[in-house]
Amino acid sequence: MSPAVETILEKYRNAKRDQLIPLLQEIQESEGYLSREAVARIGRHLRLPASKIYGVATFYNQFRFQSNGKHHIQVCRGTACHVKGSAKVLDALKRELKIDAGATTRDGLFSLEVVACIGACGLAPVISINGEFHANMTPDATRKLLRAIRREEEKSHAAD
Amino acid sequence: MIQIEVNNRPIQANEGETLLTALKREGIKVPTLCHLEGLFPSGACRMCVVEIEGVPGLVPSCAYPVREGMKIRTHSPKAVRSRKTIIELLLANHPDDCLYCVRNGECDLQDLAQELGVRQRRFQGARSSHKMDISSPAIERDPDKCILCGKCVRVCEEVQGVSAIDFIGRGSRTVVGPAFDEGMNVSSCVNCGQCVVVCPTGALREQSGLKRVISAIQNPKKLVVVQHAPAVSVTLGEEFGLKPGADVMGIMAAAFRRLGFDRVFDTSFSADVTIMEEAAEFIRRVQTGGRLPMFTSCSPGWIKFVEQFYPEFRENLSTCKSPQQMMGALIKSAFAEREGVPPEDIFSVSVMPCTAKKFECERPEMTGGDAPDVDAVLTTRELSRVIRMRGLDLKALEPEPNDSPFGERSSAGKLFGVSGGVMEAAIRTAHFMLTGKELDRPKIQELRGLDGIKQVHLEVGGIRMGFAVVSGLGNARRILEEVKAGRNDLHFIEVMTCPGGCIAGGGQPLSANLAAVRARMKALYEIDETSRVRTSHGNPSIVRLYGEFLGEPLGEKSHRLLHTRYHARDVLQ
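Chain order of the listed sequences is D and B.
The first sequence runs 1 to 160 under our numbering.
The second sequence runs 1 to 573 under our numbering.
Hints listed in this document are in silico derivations from the structure and should not be mistaken for laboratory results.
Do not take every clue at face value.
[Unchecked claim] Here are a few chain D residues that face chain B, going by a calculated C-beta distance under 8 angstroms:
| hint | residue |
| --- | --- |
| 1 | Pro3 |
| 2 | Tyr33 |
| 3 | Gly43 |
| 4 | Leu46 |
| 5 | Ala50 |
| 6 | Ser51 |
| 7 | Lys52 |
| 8 | Phe63 |
| 9 | Arg64 |
[Unchecked claim] Derived SDA-like pairs (lysine to any residue); straight-line CA-CA distance at most 20 angstroms:
| hint | chain 1 | residue 1 | chain 2 | residue 2 |
| --- | --- | --- | --- | --- |
| 10 | B | Lys484 | D | Lys70 |
| 11 | B | Lys131 | D | Asp100 |
| 12 | D | Lys98 | B | His130 |
| 13 | B | Lys131 | D | Ala103 |
| 14 | D | Lys16 | B | Glu339 |
| 15 | D | Lys84 | D | Ala116 |
| 16 | D | Lys88 | B | Glu157 |
| 17 | D | Lys94 | B | Ser128 |
| 18 | D | Lys94 | B | Glu339 |
| 19 | D | Lys94 | B | Glu158 |
| 20 | D | Lys16 | B | Lys131 |
| 21 | B | Lys221 | B | Glu339 |
| 22 | D | Lys98 | B | Glu157 |
| 23 | B | Lys484 | D | Val115 |
| 24 | D | Lys94 | B | Glu157 |
| 25 | D | Lys88 | D | Val115 |
| 26 | D | Lys98 | B | Glu158 |
| 27 | B | Lys131 | D | His45 |
Keep in mind it's a predicted model, so treat the numbers as computed, not measured.
The C-beta atom is built at its ideal place from N, Cα and C for all residues, glycine as well.
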């Protein structure tokens with residue numbers, strides 16, 4: 001297990017099962033996601049079965065089980081964005097990337113996350129890529145944006 | 001005793017018990033989909049709601065304690081309407097494929113829909129569509145049929161201490177599955193099948209071996225041999241309306257022949273072989289300072305449990321294969337030799353009260369050469385299915401004997417079907433091996449009954465030894481932790497994966513309640529009481545097998561055919 005995880009666990013030395021969620025949060029903060037190994041390690045630490053930890057973690061939207069892609073896409077599904085058609089935007093992203101929310105593409109380029117309101121209702125529907133907001137998205141605009149990023153990536157890849 | 005009033009009639013109840021318990025005892029049926037006898041109520045399904053005078057709303061009777069003078073209506077219009085709505089809501093998201101479902105006719109959801117008069121799909125909505133998990137050799141998982149009652153999760157965690165599965169996700173997307181929603185085959189599932197037994201629908205079921213068995217029977221080139229486990233003859237009858245505990249041994253043998261099996265052998269016979277080997281191994285460990293306490297190794301769920309959770313205890317496991325695998329090895333060696341049939345032309349089937357046996361027979365350790373020693377395992381339930389398929393009427397069949405040479409058993413071997421039986425049989429034979437004399441009283445009362453942990457200290461051959469019998473893996477965990485913490489008065493521990501032993505195994509008829517399990521247990525004890533041969537070493541067929549083929553217990557042939565070793569197993573725990 002990574003030393004960072006061990007350091008966190010050391011902090012939670014005498015923790016019991018009621019400390020599970022803060023522990024998961026801290027490890028995700030540090031590692032970017034919850035790996036199989038991390039879940040098994042936490043299980044040994046808190047004497048909890050992996051199935052239980054996975055059950056708790058999947059109850060909340062905040063936990064991820066794959067590392068983030070190079071371009072981490074957050075889709076706002078808050079009320080304003082919903083009214084303005086964010087469901088269709090999310091759908092277009094899923095189709096274009098061929099992944100579900102919470103997953104990462106095989107090439108590691110993109111990951112997709114559904115979030116509640118990100119506080120930019122004036123820009124609805126909005127998505128954020130690596131923290132940069134893209135306003136007034138439509139399925140078409142989404143596809144164009146993704147393809148532009150891909151082209152950029154391919155170009156820089158070819159240049160290497 | 002306190003007095004309560006149910007549907008305008010007075011009934012007696014015990015202080016501290018729940019309403020549901022009191023109602024059940026009085027024969028007043030309140031339906032439930034999530035209640036598990038003996039466990040803390042979860043109150044998940046809300047089917048058992050009743051009206052109590054003076055209490056607003058409906059109350060779940062499974063989680064409500066009785067109180068003096070309370071007035072209850074179990075089938076008020078409000079309660080019945082509420083139950084019906086729950087079923088209608090569950091059905092809104094249920095695949096309408098009852099005709100094709102393995103649980104058709106044996107489904108709690110179907111029964112309740114029928115009882116409550118559901119005649120149409122009242123709620124239309126998006127249906128869930130999850131992938132089926134057929135990765136496990138023992139258990140199939142079909143999340144679309146799951147109603148999220150949580151019984152499987154609770155049995156796996158609270159009774160078995162395994163926790164291979166839990167709820168994943170939230171709300172309408174919730175499913176039950178192993179960590180990371182992976183296949184059961186790579187999870188910590190020990191294949192015990194207790195989840196299948198408690199599942200109210202077809203969401204959990206055994207991986208069926210029927211097709212392979214039927215096609216082997218139809219293949220004229222194959223000599224198809226069947227062995228039946230000790231606990232099967234006292235439970236099969238329940239599938240055909242007989243009382244729990246009715247022993248259908250001879251009738252079952254007749255049915256096997258009608259189904260086209262060429263030979264019918266009794267796993268109780270190879271249980272006798274197991275005892276010869278295991279008792280000898282135990283004595284050797286005691287006399288040569290080998291690893292103690294020794295653990296029995298007949299229950300494949302328990303073996304996997306040790307391999308993944310307590311690998312440090314691997315050497316404590318007896319090296320004996322289970323009776324199923326001993327029989328399998330003997331069929332493809334001694335029997336093949338005797339009949340002059342090449343082992344590859346033999347198709348070896350076993351009928352077991354168990355789903356984990358399906359896993360066991362596929363283990364790489366359990367093969368002689370290329371082919372597995374046992375080719376296919378059927379559960380008691382699957383046997384009943386094929387009997388029905390063939391249109392056999394058990395009541396019309398005349399009992400027939402098993403076949404020679406592996407059909408004659410002692411009642412010690414038969415006792416393998418109940419928790420404590422292996423230990424009783426082993427002590428009888430170990431005592432004889434050490435002293436040359438039979439035990440004065442073969443029955444060891446302290447090791448009988450349905451308690452999860454039973455213990456006795458006895459003098460055997462001049463040595464005072466501690467024996468423990470454990471059933472249910474949650475109890476096994478308790479004993480292992482005690483041994484780990486330094487407890488050293490125990491020499492020999494029998495562990496059965498399922499609570500009560502094989503009579504309550506994961507492959508048994510689904511209708512079982514505690515009373516049925518008790519009746520099955522009583523039936524095995526009665527067989528022992530009335531049997532002429534009550535010790536494995538006293539079984540003439542066993543004496544002959546050792547004389548003509550095996551030589552001595554723990555001898556060269558035994559070592560090669562009947563013993564094995566187990567390995568640490570890395571699974572996500």
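Against the structure, the hints come out as follows:
For Pro3/D, the suggested interface contact is broken, since its CB lies about 22 angstroms from the closest CB of chain B, more than 8 angstroms. Nearest Cβ of chain B to the Cβ of Tyr33/D: about 12 angstroms, over the 8 angstroms cut. The hint is violated. With 8 angstroms as the threshold, the beta carbon of Gly43/D comes within range of chain B, its nearest partner Cβ sitting at about 6 angstroms, so the hint holds. Nearest Cβ of chain B to the Cβ of Leu46/D: about 12 angstroms, over the 8 angstroms cut. The hint is violated.
Interface hint status for Ala50/D: upheld, as the beta-carbon distance to the closest one in chain B is roughly 4 angstroms, under 8 angstroms. A cut of 8 angstroms between beta carbons decides the hint on Ser51/D: the least distance to chain B is about 4 angstroms, and the hint holds. Among the interface hints, the one on Lys52/D holds; its C-beta lies about 5 angstroms from the nearest C-beta in chain B, closer than the 8 angstroms criterion. With a least beta-carbon distance of about 11 angstroms to chain B, the hint placing Phe63/D at the interface is violated under the 8 angstroms criterion.
Because the smallest distance between the Cβ of Arg64/D and any Cβ of chain B comes to about 12 angstroms, over 8 angstroms, the interface hint for this residue is violated. Restraint check: the Cα-Cα separation between Lys484/B and Lys70/D comes to about 48 angstroms, which exceeds 20 angstroms; the hinted pair is violated. At roughly 15 angstroms between alpha-carbon atoms, Lys131/B and Asp100/D fall within 20 angstroms of each other, so this suggested pair holds. At roughly 17 angstroms between alpha-carbon atoms, Lys98/D and His130/B fall within 20 angstroms of each other, so this suggested pair holds.
A C-alpha spacing of about 18 angstroms is found between Lys131/B and Ala103/D, which places the hinted pair at or below 20 angstroms, so the restraint holds. Distance restraint check for Lys16/D and Glu339/B: the Cα-Cα separation of roughly 62 angstroms exceeds the 20 angstroms cut-off, and the hinted pair is therefore not satisfied. The suggested pairing of Lys84/D with Ala116/D holds, with an alpha-carbon distance near 14 angstroms, which does not exceed 20 angstroms. A distance of roughly 41 angstroms separates the Cα atoms of Lys88/D and Glu157/B; the hinted pair therefore is violated under the 20 angstroms criterion.
A hinted pair counts as satisfied when its Cα atoms are at most 20 angstroms apart, and Lys94/D with Ser128/B qualifies at roughly 19 angstroms. Distance check on the hinted pair: Lys94/D and Glu339/B sit about 63 angstroms apart at the alpha-carbon level, beyond 20 angstroms; violated. Under the criterion of a C-alpha separation no larger than 20 angstroms, the hint pairing Lys94/D with Glu158/B is inconsistent with the structure, at around 39 angstroms. Pair hint Lys16/D plus Lys131/B does not hold up; C-alpha atoms about 35 angstroms apart against a cutoff of 20 angstroms.
Distance check on the hinted pair: Lys221/B and Glu339/B sit about 14 angstroms apart at the alpha-carbon level, within 20 angstroms; holds. Our distance criterion of 20 angstroms between C-alpha atoms is broken by Lys98/D and Glu157/B, whose separation comes to about 36 angstroms. Annotation: proposed proximity of Lys484/B to Val115/D is violated, straight-line Cα distance about 47 angstroms (limit 20 angstroms). Between Lys94/D and Glu157/B, the direct Cα distance comes to roughly 36 angstroms. Violation of the 20 angstroms bound is thereby established for this hinted pair.
A hinted pair counts as satisfied when its Cα atoms are at most 20 angstroms apart, and Lys88/D with Val115/D qualifies at roughly 15 angstroms. For the proposed pair Lys98/D and Glu158/B, the alpha carbon gap of about 39 angstroms is over 20 angstroms, so the pair is violated. Between Lys131/B and His45/D, the direct Cα distance comes to roughly 32 angstroms. Violation of the 20 angstroms bound is thereby established for this hinted pair.
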